[in-house]
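Given the sequences, and given the hints that come with them, work out the whole structure.
Number of protein chains: 4
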Amino acid sequence: MARGFKKRIQQENTENSGFGSRASGRFINKDGLPNVRRKGINVFNRLSWYHTMLNLSSFQFLSYLVVMYVFINFIFATIYYMIGVEHLTGIDKSNPLNEFIDVFFFSSQTFTTVGYGRIAPIGFLASLVATFEAFLGLLTFAIATGLFYGRFSRPRAYLRFSDIAVIAPFQNATALMFRLAPFKNNALTDADVTLSAAIEVTENSGVKSNFYRLETHLSKINTLALNWTIVHKIDENSPFFRFSADDFKKTNIEIIVHVRAFDEVFSNTVVQRSSYVSEEIIYGAQFVPMYYPSISEESTVLDLDKINQYKKVNLPNTEFDQQQ
Amino acid sequence: MARGFKKRIQQENTENSGFGSRASGRFINKDGLPNVRRKGINVFNRLSWYHTMLNLSSFQFLSYLVVMYVFINFIFATIYYMIGVEHLTGIDKSNPLNEFIDVFFFSSQTFTTVGYGRIAPIGFLASLVATFEAFLGLLTFAIATGLFYGRFSRPRAYLRFSDIAVIAPFQNATALMFRLAPFKNNALTDADVTLSAAIEVTENSGVKSNFYRLETHLSKINTLALNWTIVHKIDENSPFFRFSADDFKKTNIEIIVHVRAFDEVFSNTVVQRSSYVSEEIIYGAQFVPMYYPSISEESTVLDLDKINQYKKVNLPNTEFDQQQ
Amino acid sequence: MARGFKKRIQQENTENSGFGSRASGRFINKDGLPNVRRKGINVFNRLSWYHTMLNLSSFQFLSYLVVMYVFINFIFATIYYMIGVEHLTGIDKSNPLNEFIDVFFFSSQTFTTVGYGRIAPIGFLASLVATFEAFLGLLTFAIATGLFYGRFSRPRAYLRFSDIAVIAPFQNATALMFRLAPFKNNALTDADVTLSAAIEVTENSGVKSNFYRLETHLSKINTLALNWTIVHKIDENSPFFRFSADDFKKTNIEIIVHVRAFDEVFSNTVVQRSSYVSEEIIYGAQFVPMYYPSISEESTVLDLDKINQYKKVNLPNTEFDQQQ
Amino acid sequence: MARGFKKRIQQENTENSGFGSRASGRFINKDGLPNVRRKGINVFNRLSWYHTMLNLSSFQFLSYLVVMYVFINFIFATIYYMIGVEHLTGIDKSNPLNEFIDVFFFSSQTFTTVGYGRIAPIGFLASLVATFEAFLGLLTFAIATGLFYGRFSRPRAYLRFSDIAVIAPFQNATALMFRLAPFKNNALTDADVTLSAAIEVTENSGVKSNFYRLETHLSKINTLALNWTIVHKIDENSPFFRFSADDFKKTNIEIIVHVRAFDEVFSNTVVQRSSYVSEEIIYGAQFVPMYYPSISEESTVLDLDKINQYKKVNLPNTEFDQQQ
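Protein chains in written order, with the UniProt record's numbering: chain B, 1 to 324; chain S, 1 to 324; chain V, 1 to 324; chain D, 1 to 324.
Calculated from the structure, these hints are not laboratory results.
Note that the structure is a prediction, hence the values are computed from the model and not measured.
Don't take every hint at face value.
When chains are identical, the list treats them as one kind, so a pair holds in a single copy or across two.
Under the rule of at most 27 Å between Cα atoms (straight-line distance), these lysine-lysine pairs were calculated in the DSS-like manner [said to hold, decoys possible]:
id, residue 1, residue 2
1, K306, K39
2, K220, K233
3, K39, K312
4, K220, K249
5, K208, K233
6, K220, K30
7, K39, K220
8, K39, K311
9, K311, K208
10, K208, K30
11, K208, K306
12, K208, K220
13, K306, K233
14, K233, K93
15, K39, K233
16, K306, K220
17, K250, K312
18, K39, K250
Structure below.
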């Protein structure tokens with residue numbers, strides 16, 4: 001089929017996608033991150049500690065903090081214990097375990113600077129270590145403060161994409177359509193979208209991917225308040241011109257979406273990416289509306305659960321296709 | 001009137017507003033937020049906790065913090081009480097209430113890390129809980145720090161819009177005018193404005209809104225130091241061409257304003273939106289100047305209280321209209 | 001002379017400066033802020049607390065913090081004193097003054113959460129107040145943290161402008177020139193400049209200012225590493241075409257400069273403005289170079305003290321002017 | 001050779017580089033900072049304290065904090081000691097050294113607000129100093145918090161440039177090529193590059209540098225996921241047209257690179273610069289690919305250690321050159 005397919009595509013490789021034409025697997029994962037692994041140079045230079053912290057889930061992040069906290073106190077407790085409990089006042093000396101427990105709590109009371117004073121350092125060494133533990137504690141919480149702020153002030157688009165794209169009738173022709181909607185209480189304005197397609201072709205030299213910029217019917221929108229349906233009309237300028245349901249199934253296609261908007265709370269540009277591969281494109285379908293007037297007729301209601309709802313339709317001069 | 005009205009409008013729907021043409025109620029509320037309610041998916045996924053915190057009023061925000069503080073201490077007090085007051089030193093054991101009061105204060109002294117030590121943990125369990133309460137306290141204040149910063153460093157335009165728009169004489173024709181002024185000690189530069197209009201028309205298929213981009217006489221301004229009067233000349237290219245006072249009253253119109261500027265303290269782009277509906281448009285009026293030289297003639301004074309002041313005027317070849 | 005002057009200026013008012021043509025006094029102060037006072041609405045709504053804090057000098061800001069600190073402690077000390085010193089342990093009851101001094105220190109130990117515990121609350125009321133003072137203390141330092149960060153992370157261009165502009169020979173004609181240089185260890189790239197002129201003219205209706213966009217010979221620069229001399233060639237397109245030394249002296253002129261660049265440490269756009277009025281324009285002068293190769297010939301040295309150094313020169317077909 | 005060389009270059013000086021044509025030494029250091037030293041005005045006005053702190057290495061920064069901490073405590077210890085240890089409770093008065101040690105630890109316990117209370121102020125003076133030390137401590141940690149956040153939230157591109165550029169065959173001609181790759185777990189999009197060349201020429205007036213904008217084959221890229229090879233084709237429009245291997249060796253050339261991209265975690269534009277001088281340009285070489293499909297064929301692997309790997313090649317109608 002590849003030869004016939006190559007005939008079908010008039011215009012050549014138009015995109016500098018940044019992806020290798022011989023890369024393998026999906027280019028953009030569903031979460032919008034490129035499907036690339038990096039090796040070489042050691043892992044510490046290869047990881048941005050800050051990017052990692054910001055990408056952890058809230059649960060992972062908090063667990064990480066707790067584990068660090070316990071660990072640090074354990075280390076210092078050991079140090080105080082080795083220095084000797086006689087350098088601390090108010091220790092329960094009944095047995096070694098109690099001694100260790102008390103120095104552990106002394107450590108935590110120092111690290112958090114709560115410093116009740118029931119247990120307090122008297123000796124030089126213990127005082128010295130405590131001096132630095134309290135200092136370390138404050139720096140640690142200074143870093144935690146920055147991380148918390150970095151995490152929740154990180155501008156994000158909070159867009160929900162439809163899981164599937166459809167090939168629907170559009171202006172006496174067909175169009176590739178998918179939709180997205182902001183799902184949080186954020187106000188996005190001046191949104192624009194960039195669409196490109198990676199299409200795998202077989203050449204004498206083997207399988208390779210070509211990249212095409214896809215034109216969209218309306219690529220800008222003033223206010224992203226309701227859902228936004230992105231429409232790529234399939235005409236002479238589209239690489240999918242004259243594609244049959246079969247072609248969409250048999251060809252390895254990936255539609256790469258890049259949305260950019262302005263968030264008025266962050267006062268910052270936010271971006272979100274996603275991608276659709278062949279399996280996620282439904283031939284001969286149409287999305288059903290997902291907003292309607294409120295009962296009071298005073299405002300509009302956007303129902304986010306409807307984002308994936310579509311109905312099957314016949315396409316102009318193409319046989320209805322049975323699959324799924 | 002709708003038919004005659006449709007005749008009058010030459011150019012068609014030019015705007016991709018992002019609002020549904022069948023949405024109901026005002027599109028943009030006076031505060032600039034879109035008049036849309038979201039449903040579907042559960043409320044926690046639908047709310048950005050950070051956006052919510054930043055949109056609270058200062059009073060709401062502080063009340064929220066205080067309530068949280070009391071609530072958390074109450075929880076911990078209960079835990080300490082259940083563990084048993086014998087695990088704490090310096091508790092007033094005269095009666096259960098005093099006991100509870102003392103553990104409550106112990107909790108607060110731990111949470112804030114003030115830790116006087118008059119009341120201090122001795123038992124293992126109490127010490128353990130205190131260890132985590134102090135930790136939790138510091139994290140909580142880390143988050144509070146981020147929220148405070150997020151709240152007051154949030155770039156905002158601090159623009160005041162005139163409550164009303166006017167149809168005033170302009171260059172031997174008429175123009176739709178409204179004005180805005182920065183009302184705080186912020187320095188805005190490179191401001192630009194985008195104007196669009198939603199006009200409701202009746203069709204066989206029922207009532208729907210069309211969107212039009214409105215041209216403005218000067219859509220950019222270097223320094224937003226004084227007030228800025230936005231002027232949309234009503235000529236052949238305006239959807240309001242040949243609109244009578246009556247048309248402005250009878251038709252459902254909404255003028256959507258989007259202002260964007262650069263704030264030199266935030267070093268960030270700030271945006272603000274507003275909108276004017278039919279009731280807020282005064283036919284045959286003119287704004288009065290709101291700035292004048294200072295007595296010393298050394299600087300210029302901008303009087304913000306004058307922003308809504310206008311005087312009635314006759315419009316070229318239109319009868320003077322009586323209403324309001 | 002105004003009439004002759006009006007004859008001389010071909011092109012009309014090209015700028016939407018945002019300044020009123022009848023405003024009085026200098027438009028932009030030397031520090032770059034517009035010379036406008038706002039009145040109306042009460043002062044609290046008119047001041048952005050954050051903008052004010054960020055614009056204070058370091059000394060003012062720190063003094064402000066110290067005064068607040070002493071004031072708050074004084075208030076709380078009074079409250080504790082009124083509640084009664086018997087609600088606090090370890091108070092020196094020798095005389096009322098000592099009592100007050102001790103509650104004052106207790107207050108500060110609570111507000112900063114240092115809580116030595118030598119003085120500690122025992123009664124219900126004192127404990128309750130202390131509970132909230134510690135809470136307030138932490139919130140206050142949370143805000144201070146944000147303000148400190150806001151102050152020193154505020155993107156600024158750190159540009160030094162020459163105090164004077166010169167009319168110098170340039171390409172067989174003359175040009176208005178001034179120069180600027182980054183004076184701190186910041187790296188600015190992609191800088192561009194916008195020049196406009198306000199020229200006061202006398203009309204039947206009285207004195208008014210016209211605004212003109214001034215073309216600059218090179219308005220963009222890749223890397224702002226050395227000094228940058230801004231050149232406005234005085235040709236047919238310049239409002240200053242055929243201006244004599246006398247005209248420059250007698251006419252009220254203001255050159256408004258707006259520089260915009262990208263700082264690589266802040267990773268943000270930074271802007272700085274300045275302005276030159278007639279008195280600050282020197283007719284028939286030329287700047288002397290302010291950078292030279294280092295002794296080692298390995299790098300270039302920029303001498304910021306030379307920024308205002310110029311030498312007098314004759315201008316093509318204009319008599320040498322004596323003044324100043 | 002200079003004359004022959006000047007003949008060779010058709011188009012003239014096209015760039016306003018911001019560098020003096022008579023500056024000496026490399027313009028841009030390998031780290032991307034301009035090779036310029038500033039003098040004049042005193043050093044404190046010339047240094048942005050914040051820029052300095054952000055440019056310190058982590059080790060330098062932490063050492064700086066520790067030194068400050070010890071220093072401040074030493075100062076306050078001295079003050080307390082001079083006030084007299086009798087103003088503090090719980091001091092070990094066995095000998096002056098122990099006294100000083102104890103006041104030092106008291107100071108640190110106050111500065112960090114840990115305040116055990118074993119040592120506590122009783123006298124007026126000591127309490128007063130402690131009041132301000134605790135206050136100072138909190139402000140210091142407020143600043144530290146801001147610095148930590150400023151340091152790790154500072155947007156950076158994390159790009160690795162190839163150490164060398166090559167002159168390689170390209171479209172029946174030759175091209176100057178070098179490559180870069182993101183080496184951390186950051187996601188860069190919408191990257192673009194600006195290339196310029198500084199070429200030293202000898203004139204009657206002496207040696208000077210001319211600046212040229214270099215056209216790049218593809219100057220924009222959607223997603224910077226894999227490596228990016230920047231290609232400047234050497235045709236009639238290139239200042240290097242008809243350059244021989246010898247010319248590249250003998251002429252003082254500097255290629256200045258400026259990359260700009262959008263980082264999705266920082267949600268900010270990030271920039272990075274680098275430069276290549278004659279010694280770093282290899283004539284007749286070609287880079288070897290640095291990415292390949294993963295074993296699973298499920299994703300692509302980018303091997304950062306390969307970034308400098310190249311193989312020698314013959315160039316069209318140029319003799320193979322042996323050197324380096």
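Each hint tested on the structure:
In this homomeric assembly, K306 and K39 come within 27 Å of each other (Cα to Cα) only across copies, at 10 Å, whereas the closest approach inside a single copy is 42 Å. Within a single copy, K220 and K233 get their C-alpha atoms as close as 15 Å, and across copies as close as 25 Å, so both meet the 27 Å cut-off. Taking the closest pair of Cα atoms, K39 and K312 come within 27 Å of each other only across two copies (25 Å); inside a single copy the shortest separation is 45 Å, beyond that limit. In this assembly of identical chains, K220 and K249 lie within 27 Å of each other by CA distance neither inside one copy nor across copies; the values are 30 Å within and 32 Å between.
When the C-alpha separation of K208 and K233 is checked against a cutoff of 27 Å, the pair qualifies both within a copy, at 25 Å, and between copies, at 25 Å. Both within a single protomer and between protomers do K220 and K30 lie at most 27 Å apart by alpha-carbon distance, with minima of 23 Å and 24 Å respectively. Within a single copy, K39 and K220 get their C-alpha atoms only as close as 38 Å, which misses the 27 Å cut-off; across copies the closest is 25 Å, which meets it. Taking the shortest alpha-carbon separations for K39 and K311, only the inter-copy value of 21 Å comes in at or below 27 Å, while the best intra-copy value is 45 Å.
In the homo-oligomer, the alpha carbons of K311 and K208 lie at most 27 Å apart only across protomers (24 Å), although the nearest pairing inside one protomer, at 34 Å, exceeds that limit. Only within a single protomer do K208 and K30 lie at most 27 Å apart by alpha-carbon distance; the minimum there is 22 Å, versus 37 Å between protomers. In this assembly of identical chains, the alpha carbons of K208 and K306 lie at most 27 Å apart only when taken from different copies (23 Å versus 37 Å within one copy). Taking the shortest alpha-carbon separations for K208 and K220, only the inter-copy value of 22 Å comes in at or below 27 Å, while the best intra-copy value is 32 Å.
Taking the shortest Cα distances, K306 and K233 sit within 27 Å of each other inside one copy (23 Å), while across copies they are farther apart (42 Å). Taking CA atoms no more than 27 Å apart as the test, K233 paired with K93 passes in neither setting, with 81 Å inside one copy and 80 Å between copies. In this assembly of identical chains, the alpha carbons of K39 and K233 never lie at most 27 Å apart, being 40 Å within a copy and 30 Å across copies at closest. For the homomeric pair K306 and K220, the shortest alpha-carbon distance inside one copy (23 Å) is at most 27 Å, but the shortest distance between copies (37 Å) is not.
Proximity of K250 and K312 under a CA criterion of 27 Å is satisfied intra-copy only: 20 Å inside one chain copy versus 42 Å between copies. Within a single copy, K39 and K250 get their C-alpha atoms no closer than 33 Å, and across copies no closer than 38 Å, so neither meets the 27 Å cut-off.
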